[in-house]
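Visitor: Chain residues, written in single-letter form:
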Amino acid sequence: MGLLSKKDAKLITDPLADNNPITIQVLGICSALAITAELKASIVMAISVMFVLGLGNVVISLMRNIIPSKIRIIVQLIVVATLVIIVDLVLKAFAYELSKTLSVFVGLIITNCIIMGRFEAFALGNGPWRSFLDGIGNAVGYGVILIIVGFFRELLGAGTLLGYPVLGNPIPGELSGLYAYGYENNGFMLLSPMALIVVGILIWIQRSRNTSLIEEN
Amino acid sequence: MSKRTDSNGYTMIFAVIMVLVVGSLLAFLASSLKPNIDENKRIEKQQNILYAMGVNENEGTSANFVSTNVAGDMFQEYIKKQIVIEGNKISESQDAYLIDVKKQQANAKDGKVRKLPLFVGKKDGKTFYVAPIRGKGLWDAIWGYVALDENMIVQGAYFDHKGETPGLGANIKQRYFMDDFIGEHLMSDTGVFKGITVAKGNNDPKNEDKTDYEVDAIAGATITGDGVSAMIKKDLAMYVPYFKTLKK
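As you go down the protein sequences, you meet chains A and B in turn.
Going by my numbering, the first sequence opens with residue 4, and the numbers climb by one from there.
Going by my numbering, the second sequence opens with residue 92, and the numbers climb by one from there.
In case anyone wonders, no lab produced these hints; they're calculated from the structure.
Heads up, the beta-carbon is just placed ideally off N, CA and C, and yes, glycines get one too.
Some hints could be false.
[Said to hold, decoys possible] Here are the simulated DSSO-like pairs of lysine-lysine, each with C-alpha atoms no more than 30 Å apart in a straight line:
#1 B:Lys324 to A:Lys103
#2 B:Lys132 to A:Lys103
#3 B:Lys200 to A:Lys103
#4 A:Lys103 to B:Lys264
#5 A:Lys103 to B:Lys136
#6 B:Lys227 to B:Lys264
#7 B:Lys125 to A:Lys43
[What the hints assert, rightly or not] Facing chain A, from chain B, some residues (calculated, C-beta under 10 Å):
#8 Glu130
#9 Gln195
#10 Lys227
#11 Lys253
Use the sequences and the hints to build the structure in full.
Guide: This is the structure:
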């Protein structure tokens, strides 16, 4: 890592595993449940959050010395909302198709607790470059979980990945692939409760691999 | 140490300046990008109407519009007539496709006469009547365009939504759902308008029976599906009088 000092590199790598926003801090669960029914939505959401969190952290960090502490939460909210609206407007004007795919997530990004959490916990106390790294790191940590959950939910729930049928053709009479042997899609995977269960399994796996994460009673 | 940023005066001034800066920035952006956005929406409408009557670039299982730069020309080529139905009055207008269905629905609620646009297209010698529909899904608006023949048999459908759940309700704009409507009858043999219900009962999973007034619902998208049924029943029923005049 020639570009990043060891301390800076940790800002990126920590949220990927041992300080993951979803599995350790349990933030951003609402969007993780809502939009992971298909892989494409997960990827789009991950990229959107990375953009907003990276940029938002920098803006808040630059303003950190002039923000009145009494209204800092509202100021943070305005910054997120403004960024999201700007992105939405620009996409609508210049990449209309993409903006339609994204439109569902715009509201979800503003209310994503990870964003407010990082503004409050990190950007208010650190410089712009470190805040930027922290934002990207957390967004990647969030995105990785989203993509893993989206992968399993779409694969097991609909038998497709990114919309392509990977397990064969499930239409009765034209059965092929796994379906010809009696395999059936699990429709329950498409519903939100299964996202919670998949996230739970990920937390379980992570904690059994790294026992230092388990809290003592 | 008391910081200067803690005083009430500073907080007030900061809030006012922040609101002014952010407000004018967004207002400026919104108004300067509005022509672009409106143009995109206009082209999209043309693409939607063409899609419903089968002028599209579908491949495999994906739904693709004709590309944006040819949409205008294709629209001119395939859409022969744009009709506006206003009560008993029927007129033609080149801009009927710009009629805002949402606004017209609101007008109808206020007791005014609703303008109903209908697009008459011709492709491979066949005539299509494309009608816009609009309703409510689970979270927000859903809308679509349905192409019919003279007997109100569905020839093609396009649905879209503002904010249905990805993977569930949002799948109303997937080929497998939209294509199910093709061939479905809206009218009974005796001339009674039945509509099409998005039904959960799996009597006809392969959708072979085209006169059951039902298509298969999407699992986990009940309310969106009900919304689709409702907008088809409500909005297309208004075109029945016009289609009856075609038969005379």
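Visitor: Run every hint past the structure and note whether it holds.
Guide: Against the structure, the hints:
1. Between Lys324 of chain B and Lys103 of chain A the alpha-carbon distance is near 26 Å, which keeps this suggested pair within the 30 Å criterion.
2. For the hint linking Lys132 of chain B to Lys103 of chain A, the alpha-carbon distance of about 11 Å falls within 30 Å, and the restraint holds.
3. About 29 Å separates the Cα atoms of Lys200 of chain B and Lys103 of chain A, which keeps this hinted pair within 30 Å; it holds.
4. With a CA separation close to 12 Å, the supplied pair Lys103 of chain A and Lys264 of chain B stays within the 30 Å bound.
5. In summary, the hint linking Lys103 of chain A to Lys136 of chain B is supported, as the alpha carbons are separated by about 14 Å, within the 30 Å threshold.
6. Using a Cα cut-off of 30 Å, the hinted pair Lys227 of chain B and Lys264 of chain B holds, with the two alpha carbons roughly 15 Å apart.
7. Under the criterion of a C-alpha separation no larger than 30 Å, the hint pairing Lys125 of chain B with Lys43 of chain A is consistent with the structure, at around 28 Å.
8. For Glu130 of chain B, the suggested interface contact is upheld, since its CB lies about 9 Å from the closest CB of chain A, less than 10 Å.
9. Violation of the interface hint for Gln195 of chain B is found here, the shortest Cβ-Cβ separation to chain A being roughly 23 Å, above the 10 Å cut-off.
10. For Lys227 of chain B, the interface hint is violated, since its Cβ never comes within 10 Å of a Cβ in chain A; the closest pair sits about 16 Å apart.
11. Because the beta carbon of Lys253 of chain B sits about 7 Å from the nearest beta carbon in chain A, less than 10 Å, this interface hint is met.
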